[in-house]
Every structure is written in C-alpha cells, then in structure tokens.
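Q: Letter by letter, the chains look like this.
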Amino acid sequence: MSPMMTIAKREFRSYFDSPLAYVVICLTFLLLGLAVFWVGGFWKVDRASVHLLFQYMPVALAMLIVPVVTMRSMAEEKRSGTLEMLITLPVKDSDVILGKYFGALGLVLILVLATALYPMAMFWAPWNLGPLDMGPVWSGYVGLVLFSGTAVAIGLLVSSLTDSQAVAFFITFFVLVVLWFIGTAAEHVDKEWLANALMYVSFQSRLDGFSRGLIDTRDVIFFLSAMVLALVMAFRALERRRWV
Amino acid sequence: MTSDVMISASGLTKQFGSNRALDNVTFDVTRGEVVGFLGPNGAGKSTTMRVLTCFLAPTAGTATVHGFDVFEDPLAVRRSLGYLPQRAPLYSDMNVQEYLLFAAQVRGMDESTFKSRLSKVIEVCGLAQTLTKQIAHLSHGYRQRVGLGQALIHDPPILILDEPTSDLDPNEKAEVLRYIKDIGENRTILLSTHNLAEVEDSCARAIIISKGRVVADGALDEIRSTTGRVRYVVAVDEKMAEGAHKPPSARELQAALDALKGVRGSKELPTDEKAHRFELSGAQDSDLRAELYRLMVQKGWTLLELRRDAQSLDAVFRELTRGDEELDRGRPVIDDDEDDDDSAENSDDKE
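These protein sequence lines are chains A and B, in that order. Using the numbering used here, the letters of the first sequence map in sequence onto residues 1 to 244. Using the numbering used here, the letters of the second sequence map in sequence onto residues 245 to 595.
Heads up, some of the hints might be wrong.
To be verified - In the EDC-like style, the derived pairs of lysine to aspartate or glutamate whose C-alpha atoms are separated by at most 20 Å in a straight line are:
| no. | chain 1 | residue 1 | chain 2 | residue 2 |
| --- | --- | --- | --- | --- |
| 1 | A | Lys78 | A | Asp163 |
| 2 | B | Lys359 | B | Asp399 |
| 3 | A | Lys92 | B | Glu316 |
| 4 | A | Lys9 | B | Asp354 |
| 5 | A | Lys9 | B | Glu355 |
| 6 | B | Lys377 | A | Asp17 |
| 7 | A | Lys78 | B | Asp337 |
Derived by calculation from the structure, the hints in this document are not laboratory data.
Sequences and hints are given; from them, build the entire structure.
A: See the structure below:
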C-alpha cells in the first residue's frame, strides 16, 4: 500500500474511533429527512421526483458535514504536534495532503451515497410510489460527488491554514455557505458583469443543472478545477512550514 | 569526507523572522557514535534536529544524513533515520499496535518483516503489556516508549532523539539510557537533552549548543577541560582543632584558601556536617592538594575531606551557555530556578 493510501486509511478509520462520524451521520439523516419530507413538502409535490433531495443535500454538506469532517484534518495534527511525526516519516508532502483528502472524502461520499436510501425506500421497496425517472437521479449524484470533492478540498485548505479546529470549522462553514448562496445574491445585483461573475462561481447555480438531469462539461470542469486549486494551495500551505 | 560520516551539518543557519535560531552550526557524527546534543531550552537543539529530519529547511548551509542531502533527497534521508520528536506526539485515538503498524506501513514494510521487528521492539521498549491499549490512556513514559518504538521499527542506521528521557521517572530514564547504549553499538545516535547526567552515562561525545551556536564539541573529557580548570572540594571541621589551635571560622578559612598560590576562586558549599566546606578552582596543570595539606598542618585545622576532580560537565555547561547575548537577542534569560531543578534531578539520578 502506498504511503498516501496508508494515511487515507488511517484518517478514514480515525473518524470512527471518535463519536464524530456517528453523530454527523445521524444528524445528517435526521435533518435531511425533516427537510425533504416536512419542510420541503415531498408529499405535496405529488410527483415521482427526488429533486428535493438534491436541493437540500448540498446545503447539509456545506453547512454541517464538510466543515465538521475537515475541521480537524490538518489543524489538529498541527496543534498536537503529530504532524511533525507524520512528515518526518518517508512521505511526500503531497502524500500527506492527498491522504488526508481521500480519508475525509471517503467519509463524506459514504454519507452522500447513503442518501440513496431515501429514493430507494420511496420508489422501489418497501414503498413503490411510482416510476422514478432515473436520469436526473444519476446526474444528481454525479453533481453531489463533484460538489463534495470540491467542498472537502476547500475544507482541507482552510484546516491547513490554522491550528484551531473551531476556527477551521467556522471559516469553512462561512466560505462554503457564501459560495452556495452567492448565486441568490446575484439576482439582486444590477450590474450585469458582477451578476454574471457571481453566478459563475456560485455552487448552487453550478449544481442546478445536475439535479435536472443535465451534465454540462463546463460545470464538471469548474468543480474539478476548484478542487485541484484548493488541493494545490493546501499543499503549498503545508510546504510553507519549511521556510518560515 | 569519509563514508563513515553519518550525519554532517555544515554552516546551518535558520532565521525565524528577526530571530536567528541557528547560527552557522557545523558538526559531523560518524558511524557508531552516540552523541549528546546539549543546550539550554531554546538554544536550537530541536531546530537543528528538525533540519536534519527535513521538517524545516535551513536558511543557509547544508546537511547530509547517511550521505543524502536534506534538500535533494529528503525521502532517502527520512528512510535512513528514526526520529523521536520532543514530547512524542502520537495519534491518541489509535492503540499501540495500530500505531506501530501505521508507521511500518507508511515506510512500506511488509507484514512478515513487521511481525519480526515488532517482537524486537516490544522487547527492547517494554511494550508487551500496553500493545492493545489506546495511546490516549498511556502515561507519558509509555508514550515516550511507543515513540521510541516507532523510531526503531524499521531498524534504522541513524537515530535522532529529541529529549527522549524528558518526563520519565528515574527508573524509566535509566532503562531508556541503558537501551540507547545497547543499540548505540552499531548505530549512530544523536540525542538531545538538557540533563547532563544522562550524557555522562550514555554518550562518549557531546556537542554543546547555545544561542544557536556550537560552543563545544568533543569527547566529554575534552569538553570538561576546555575551561582549563580543576575543581577541589575541601571540608574543615568547625568545632575541633589540633592542640592549642582554634578551629577556623568560615571567613578565616576562605581567606586562608584564597591566599594559597594557584587558587582561582572559592565558593562555600552547603554541608550537613559540622564543617566548613569549600569548592576551589585551580589551573588545569597544577595540583593544589599538597599546598592544602600543608596549610591544614600549619594551622592545626582538622581536614575532613579533600578531593580533586576535573570540572563537572554541569559547571562547564553553565559556563559555556550563560551569556549576556540572550538579552541582546531579545530572548528570555534562562533563570536560575530552572537550572536548580535540573541539578536536583541530576543528583536524584545518581542515587
């Protein structure tokens, strides 16, 4: 196993050694259930659609899951000094960043994929409320996976800039929420270029197509480049320790 | 440079903002040496070790470990050494065996090699009973052992240990030091500490660093003699004297001792006995004992103790590392309290 995979595996396992992973999983399902079936009005829509799921899940990811999961990844290592132990093993700095990234992403993706239980329960077994159009479901999940990848990279970047978990949580929360709702803000801006720019970076408008069954290469490339950019910056932040 | 040089630092300088943590640090460590790396807190011991382990990059200068340059081949450097950082930071959510397995896997060790190395590490670090315990629940001494185990799991030719015995109780300390001596036979070890007794026990050579500079480097005896002084301890009974002579008062005795030719200073030492006890320092190449004896006979005083030894490493250390420069450099001066604590610890160890 490569050093990167060893680090990723350790990282992933460590979530389950503390109550954190269980709390996040339970809380997510509870809140998502409430949002979709109660607040969102799943029953009122009266259509075989899980559009609501793709509307609420990214918000849960941005506001709860990703900040909680990524807050400690680098920050805690720096605070407790274990980073020194880790980095002085024969590993590249990039192995450390990618290992941490895939460890955290692994947990987030499990949560994302576990939400498929809702459409399965509603439209297949035990209930069969009607024929579900699978196209938007698949594309919706592609969008969620891409969004998770980007959000986790941003969380990791923030975590590698501080040694406080609390600071990492709030900044990640803030950045992701702003990037999510910035599209809504664009509607109230009268300068067209600014509105366009805001729409361009808005996660919400980028994800909209996916939940309607539309996979646009521009959106895919947007998420992939944001993810790579955040990872490269996190790598630089880690490397910086050597020179200051 | 011969191939036997395992660690070589040349002109290492590290600047943290306006603070120069290392200033032209140069030394070599050859195969099989156990070298004590000494200095007060904040002298630059850990910084040097972090440069050697490629955790930090020096501002200027170069270093090679096992022949590999820390800039050009950091992975090869790290592969050939085992490193125990200060205070042994470990993942507290893992148990001991998991942690050691993790370190071995990151180093690319296969399962069967790990098993055989693990049993060796368990034996030498005394981890048999803690193997399945969570690291969070271990005492500091045991964490230190696990950290040492982690540094040894791949059987490295070079060990860099940053204060491996801090926070250990005297038994544990002795155990770790004995072990370091054992493994030092075919390994190269650089071990930092501010506890001098440890160096005297386990190392043949010491490098003393102060304010980022190497102030002494050599065999312990050489270092002891660098200040060019010999120490004498003299105790004279304060109640009894020969015949009609009167026992001396402390002041009288000190005046008489200071008046002897070759005495470069005296200091009263505490004692439990009913005696005056003084420490004298004299030149390296002279012997004052005959003079002292004649003085006692002439005055009719009762000599209870007379001892000559090379200056203790402790005294050399203080002399070399104390300076006004700390103030110039805006660093806090090492206060005496801490030193006193250390020497109290040292005497505990010897008992």
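Q: Which earlier hints turn out false for this structure, listed by number in ascending order?
A: none
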